[in-house]
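A.B. asks: Residues per chain are reported as follows:
There are 2 protein chains.
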Amino acid sequence: MEESKGVVKHVLLTKFKEGISENQIEELTKGYAKLVDLIEPMKSFHWGKDVSIENLHQGFTHIFESTFESMEGVAEYVAHPAHVDFANLFLSHVEKVIVFDYKPTTVRV
Amino acid sequence: MEESKGVVKHVLLTKFKEGISENQIEELTKGYAKLVDLIEPMKSFHWGKDVSIENLHQGFTHIFESTFESMEGVAEYVAHPAHVDFANLFLSHVEKVIVFDYKPTTVRV
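First to last, the protein sequences are chains A and B. Taking our numbering, the leading residue of the first sequence gets 1, the next gets one more, and so forth. Taking our numbering, the leading residue of the second sequence gets 1, the next gets one more, and so forth.
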């Protein structure tokens, strides 16, 4: 099994609080995306809504995935004032959240 | 916000049951990876262990991500006998699981 050198995927799953508007979610998503420009080790960002058909999404409705050059880069991001400010805002709007970091690993079978 | 045309990411987060061995997890991971060869619309697969530092992973320890060419491709995968057999085996070993499908969308800010 081959672990990619250095790259770390940072995955956030969430269910927003009831009453949040689509406009507020869009603003939060844009705020998340802007971190790419503000925090050097954050290399890319994408997001999406759950479209699963197996009914195993456990109520989570949105995913946000960003990519970092290393675990040191994630640590720099976590401590960065722009992230701290955004995280405080973002987390005030969520009912539940999971944040999961991993080094993508492929398998030769 | 730009949704990629067609591609669907299929994300599975899990915590395996206590007592499962590293060897069993490796066998399950290889079995998951083999589905790429067995189910045509499943285009790629990678996995990883949680290395997060924010303590928001909610006990989840492993992630498995596969990519499909479309939602129709995911439906074909879900119904495929090779997937059904593997899912029954895999799910018998997990304490909890989330399966989340989404169309990756980028944001221009």
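Hints are computed from structural coordinates only; laboratory data are not their basis. Each hint should be verified, as a subset may be incorrect.
In silico lysine-lysine, BS3-like type, Cα no more than 27 Å apart, as pairs [stated by the list, open to error]:
1. B:K15 to A:K96
2. B:K43 to A:K103
3. A:K96 to A:K34
4. A:K15 to A:K49
5. B:K17 to B:K49
6. B:K43 to A:K96
7. B:K49 to A:K49
A.B. asks: Evaluate each hint against the coordinates.
C.D. replies: Taking the hints in turn, this is what the structure says about them:
1. B:K15 to A:K96: holds (17 Å)
2. B:K43 to A:K103: holds (19 Å)
3. A:K96 to A:K34: holds (23 Å)
4. A:K15 to A:K49: holds (10 Å)
5. B:K17 to B:K49: Status holds; Cα separation ~15 Å.
6. B:K43 to A:K96: Cα-Cα ~31 Å, so violated.
7. B:K49 to A:K49: holds (23 Å)
Hint compliance for this structure: hint 6 alone is broken.
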